[in-house]
Amino acid sequence: MSGMTIGLMMFSVLLLILALRVHIGIAMFIVGSAGFLIMNDYQSLPLLAALKNVAYARFSNYDLAVIPLFMLMGQFATHGGLSSALFNCVNSFVGHWRGGVAMAAVGACAAFGAICGSSLATAATMGQVALPELRRYNYAGSLATGALAAGGTLGIMIPPSVPLVIYAVLTQESIGKLFMAAVIPGLIAMLGYMIVIRIVVTLKPDAGPAGERVPLATALRTLAGVLPILLVFLVVIVGIYDGWANPTEAASIGAAACGIISIINGMRWQGILNSILGTAQATAMIFLVLLGADMLNSGLALTQMPAELASWVQSSGLPPLSVIFAILLIYILLGCVMDSLAMILLTIPIFYPIVMGLEFAGMAPADKSIWFGILALMVVEIGLVHPPVGMNIYIINRIAKDVPVMETFKGVLPFLASDLLRILLLVFFPVLSLYLVHTFGN
Amino acid sequence: MQDAALGDALDAPNEPHLGAWGLRLLALTKGFAVAGGIGFIALVLMSLVSIVGRKLASAPITGDIEMMQMAGAVAAAAMLPFCEMERHHLRVDFFTTRLSQPAKHRLDAISHLLLALVALLLAWRTSIGAASLREAGEASMMLLWPVWTVVAALVPSFVLLALAGFYNAALYVRAAGSAK
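Taken in sequence, the protein lines are chains A and B. Sequential numbering from 1 applies to the first sequence in our numbering. Sequential numbering from 1001 applies to the second sequence in our numbering.
Bound conformation, chain A alone (with noise of 0.2 Å):
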């Protein structure tokens, strides 16, 4: 057997016994062990040898302790009340406008995002802030619960952002890099978000009224309190950029910052607790994936499949646009039944040698890795948005329980277009993530 065939054949069964409910990591674990068996012609010594070191050379690997500290961040500032500060200061400003209120949600979802690398717990912590509100203001429960599970996923767009820390470990990519270009294209969806609930009411003046206009005065008062998490992400992401702090330690100042001002806010020891668990489930989560998932790449590049696949696509003459697309579109039928981390984790093995073996208009290899990151990490975003996986749409409907989840759905709609507009212009204007990381190289 070819070492192409046994590479289908390990992708074929994954496959099959991720259908049967056997956990991700579990089962990438176990066909990757196979095909390491396999590959070398059923001795087990070599297989048993790896074994010994996979587990500690995983854990151990510095890039990823990242994740921990991350999440982190992410969970002081859940805990700590920050979500609240934020969703007020926002909507002091723009609150008063006809869909407001539903534009101050996604805005505190964005800068709540650049705390915190995880859409879920952006989803559940803006949901409990901004659904009452939302609902005082008789906002259409369709709007209300769209528009937050829309701009959950905001989390993970605006960095720090976990699937990016993934893909740059992957492929050897810098994450201060990735981080750089993810901000306009997350600008770029809150806009869109918010473009969207402007077209909504619109449509449909009942779905948003207007709420109540703030004196400037207090506004400003709002945002002189949240002007500390402002600080904390330009600390983080400058302080990587820059180089004066590499990513692990830019992501335990974020979590020390975070921690602070969380117990200045008045998190006590059962916040710190809760934040130390929701930490350690995100954590575990990621890094049972992760173990499988090296297993699984170990097996995959002894049966040099993706090199092959790769080359097999730069041969073929296939348009390197429709690849693009063709990729895109396998991301997005994977979102309808996987998890964000583990499509990425599972794909970009397969997909990077690919796209870097691509011709796009001349672009520098460099770019493209870059580009292509922000890509797969926009693509991957959209499966926690639309059926039937949809977590942050359970999410925000297990807080809005009068809102069916019919309805969710239908409201999530018009911002999935918003999402595909915004792919499609990331694909063809590669510039929107290139911009940042070109003015600010060194």
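Possibly wrong hints are sitting among the right ones.
[Stated by the list, open to error] Label pairs and their calculated CB-CB ranges:
id : chain 1 : residue 1 : chain 2 : residue 2 : range
1  : A       : A49       : B       : T1096     : 46 to 52 Å
2  : B       : E1138     : A       : P404      : 56 to 62 Å
3  : A       : G317      : B       : R1054     : 49 to 55 Å
4  : A       : L216      : B       : V1052     : 34 to 40 Å
5  : B       : L1117     : A       : A361      : 37 to 43 Å
6  : B       : R1098     : A       : L421      : 45 to 51 Å
7  : A       : Q304      : B       : G1053     : 43 to 49 Å
8  : B       : L1117     : A       : L333      : 42 to 48 Å
9  : A       : M4        : B       : V1052     : 36 to 42 Å
[Stated by the list, open to error] Residues of chain B clear of chain A, computed beta-carbon distances all greater than 12 Å:
id : residue
10 : P1016
11 : L1023
12 : A1071
13 : A1153
The set of hints was computed from the structure by calculation and includes no laboratory data. For every residue, glycine included, the Cβ atom is placed at its ideal position computed from N, Cα and C.
Use these hints to put chain B onto chain A, whose structure you have.
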């Protein structure tokens, strides 16, 4: 489906509840998770001291990167069993939502058993790895810590992960049997 999609098995009415031993295991895994979390908080403080030291006095903590790598590995591994007891490890629910409850429980029993076996395999191989590192007398570059102690510190977490997996597997076997 709603709860399954969230992965919140413990809140879901159709999932089996933990027995007395399960609650003890949950408490133990929670202890491991909290210890791991405290470890990361300590690493955060260590990093801060190191950065401030480097900026102000060009005197960072010696081996700060090594400490983060070694202690971070141990702390992250300690978080795995808690997630298994809460049944939060990621999986794909989509294709099995229409199966009957007992059929789902049987599949879940198998998946938790597989997780336990993989964890056991890792515990075994990691301890062998630690033993050979000990023989080789390998020490870390900066701090000269014996690396085998750090690698060996991963083993209890994998053993606990295996126990949690076996416990869940047994729980689902029983649930599948009693639901008939």
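How the hints compare with the structure:
1. A:A49 / B:T1096: 46 to 52 Å: Since the Cβ atoms of A49 (chain A) and T1096 (chain B) sit about 36 Å apart, the hinted range of 46 to 52 Å is violated.
2. B:E1138 / A:P404: 56 to 62 Å: Between E1138 (chain B) and P404 (chain A), where Cβ atoms are some 60 Å apart, the hint holds.
3. A:G317 / B:R1054: 49 to 55 Å: 53 Å, holds
4. A:L216 / B:V1052: 34 to 40 Å: Given a distance of about 38 Å, which is inside 34 to 40 Å, the answer is holds.
5. B:L1117 / A:A361: 37 to 43 Å: 50 Å, violated
6. B:R1098 / A:L421: 45 to 51 Å: 34 Å Cβ-Cβ, so the 45 to 51 Å window is violated.
7. A:Q304 / B:G1053: 43 to 49 Å: Between Q304 (chain A) and G1053 (chain B), where Cβ atoms are some 47 Å apart, the hint holds.
8. B:L1117 / A:L333: 42 to 48 Å: 31 Å, violated
9. A:M4 / B:V1052: 36 to 42 Å: Since the Cβ atoms of M4 (chain A) and V1052 (chain B) sit about 53 Å apart, the hinted range of 36 to 42 Å is violated.
10. P1016: With a cut-off of 12 Å, P1016 (chain B) remains clear of chain A, as the shortest Cβ separation is near 15 Å.
11. L1023: Holds, because the least Cβ-Cβ distance between L1023 (chain B) and chain A comes to about 16 Å, which exceeds 12 Å.
12. A1071: A1071 (chain B) not clear of chain A: closest Cβ-Cβ about 9 Å, inside 12 Å.
13. A1153: Given a closest Cβ separation of 10 Å, the condition is violated.
Violated hints for the displayed structure, listed by number in ascending order: 1, 5, 6, 8, 9, 12, 13.
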